[in-house]
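Sequences and hints are given; from them, build the entire structure.
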Amino acid sequence: MKIVVLVKQVPDSGAERSLRADDNTVDRATANNVINEMDEYAIEEALRLKEAHGGEVVILTMGPDKATDSIRKALSMGPDAAVHVVDDALHGSCAIATSKVLAAALAQQNADLIIAGAESTDGRVQVLPHMLAERLGIAALTGARKLTVDGSTLTVERQTDEGYEVVTASTPAVVSVWDTINDPRYPSFKGIMAAKKKPVQTLSLADLGVAASEVGLDGATSAVLEHGKRPPRTGGNTVEDSGDGGVKLVEFLATEKFV
Amino acid sequence: MDFDLTPEQALLRDSVAALGKRYGHRYYVEQAKAGKNTDELWREAGDLGYLGVNLPVEYGGGGGGITELAIVCEELAAAGCALLLLVVSPAIAGTIIAKHGTADQRAQYLPGLADGSRRICFAITEPDAGSNFHKLSTVARQDEATGDYLITGRKVYISGVDACDDVLLVARVSKGDRLEPALFVLPTDTPGFSYRPIEMEILSPERQFELVLDDVRVPASALVGGSTEAGLPALFAGLNPERITVAAMASGTGRYALGKASAYTAQRTVWGRPIGAHQGVAHQLAHAHIQVELARLAVSKAASLYDSGRDLEAGVAANTAKYAAAEASALAVDTAIQVHGGNGMTTEYGVATLLGGSRAARIAPVSREMILNYVSQHVLRQPKSY
Ligand SMILES: Cc1cc2nc3c(=O)[nH]c(=O)nc-3n(C[C@H](O)[C@H](O)[C@H](O)COP(=O)(O)OP(=O)(O)OC[C@H]3O[C@@H](n4cnc5c(N)ncnc54)[C@H](O)[C@@H]3O)c2cc1C
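Sequences listed follow chains B and R, in order.
Residue numbers are given in full-length UniProt numbering: position 58 of the first sequence equals residue 58, and the series is strictly consecutive.
Residue numbers are given in full-length UniProt numbering: position 272 of the second sequence equals residue 272, and the series is strictly consecutive.
You can take every hint at face value.
With a Cα cut of at most 25 Å, we get these calculated DSS-like pairs of lysine-lysine:
(1) B/50 to B/198
(2) R/99 to B/190
(3) R/21 to B/190
(4) B/197 to B/50
(5) R/21 to R/33
(6) R/175 to R/135
Simulated from the structure, these hints should not be mistaken for lab results.
The following block contains the structure:
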């Protein structure tokens, strides 16, 4: 089985993050850039499937030169190879354009299974797995908390607010996973040393036959017009109890829709 | 001059830090208070190859250097999990056996040291010899008939004996009318070998022991390097790795303490604004931070010299790093406690818990006075004082 895992480099969600003043895109220059947290679960799931069923795991990243660090880290966990789509024209691409580029790269891979994190911590729109499935004409099994593979049948437990749904599809398909699905491994020292010898193919837009005008800030179908800092937290309400404290508390909870 | 870690070293650092963070200082303290060890952490780090980063690839090690092992030591300590056995088992015993062991000894011990499944403690200190190993009274005499050695003596403050499979023991063997130091490696359950814990005022899951050897019989194959001549060079081979890794660990402890302290002072408010806004508080932290950073530089330099085979320069650098890091770590812990006020002395805030351990780094494995002696004599060319 050939599995492609989508890995995105994002600013560390545990640290201060911001948008750029000039074009309202994510500020990557000053951030500590890391693998999107959810993608580590996708990598882990792919590695477990490979360990159980054999095959090959390939990382696919679209991102600037600096994303090499994240690719290297991803490879140190155990995947066999990586594809890095890097092109200056990609800066500021919207989700639709990103899905076009990734779909073009995936078309070259003939993967049985594509695994992605359910969302990225910078964009948080959760649309990419669906868009890719649509573009590739294959099934999308999204938001998985469990994935099993039996021959060409994929079964996932799809996490929902109420519980979970059992959804099946046959390969090839796109599966997106939540952080409830497994515990990602740490890179072993041997894995770290082996990663630098693993093949990383770099592809430009021209290699993928995608025109520069279709991507980037100019080709974007959506744009961030302005941004500002989150207002500081306010003091909150103090409920004075003059015999009716309980009632006031319930009123507050009701207006905030907690009860 | 390159101050950057290689991408592999940076990844190792981040990976070890992530593992350490999952366990954390609370785990370390709980295990220590319950009289338990840190086997889960040790095993996991071993399976990931972190414990054997410095050992040869052909024996299952990572093929890295002391730079890599120092990274492992520092990052675990920076997560509040300083593991003394890293200094003893892979740094001292691993280096000595890899460099001076016989082929059989390398094959027998290194694979286990590399994946952490075997641990070897190191015993040199004696009640009446202290820092002077020419006065060691643990003696091995050869049984002419069998070639075996019979070892008798006493050792104190030996770390982690209960957790170790074997002990690397420094004894003296009679050579004509003289006694020459020699190293033996023997299982901790060899008949005649006994140990009991020494009550220490250090909160650590790794404990210190007194060893008693009463005519302990070991085969000649237990002699490291296969001859008594191998003893002294083998012993010296362990010193730099020991000092560098201990210094890395102390630096990590300093980072941990200052991390706790600065997080606390940035939010603790008593006079209407965070206490970190007072220079009297902030400058203490900044000063300690600079001392820790200087120590880390000294560790990097020593490790780099050692890994590039410049042993003589590495000796001075390793002692310098050990001295600087122990002082910086003790200062950082003391400062962290001070800025925490009363909270600083609680178990919950996890800084006073480091007091004993950080203080001990100024004494062991080599005291600050012996380092000052070394620098006075070998760098500043002063007459030998003792
Ligand atoms: C937590 C801990 C773990 C340890 N683990 C191990 C271990 O695993 N294996 C092991 O073999 N040992 C271990 N030790 C022992 C440690 O290495 C010794 O305690 C240390 O080397 C000092 O030796 P000593 O205690 O005999 O002190 P002494 O040599 O008696 O020294 C006492 C004091 O006098 C000073 N002094 C001594 N000689 C001189 C001199 N010539 N000039 C100036 N000052 C001098 C010393 O610096 C020190 O301050 C450990 C100790 C501790 C505290």
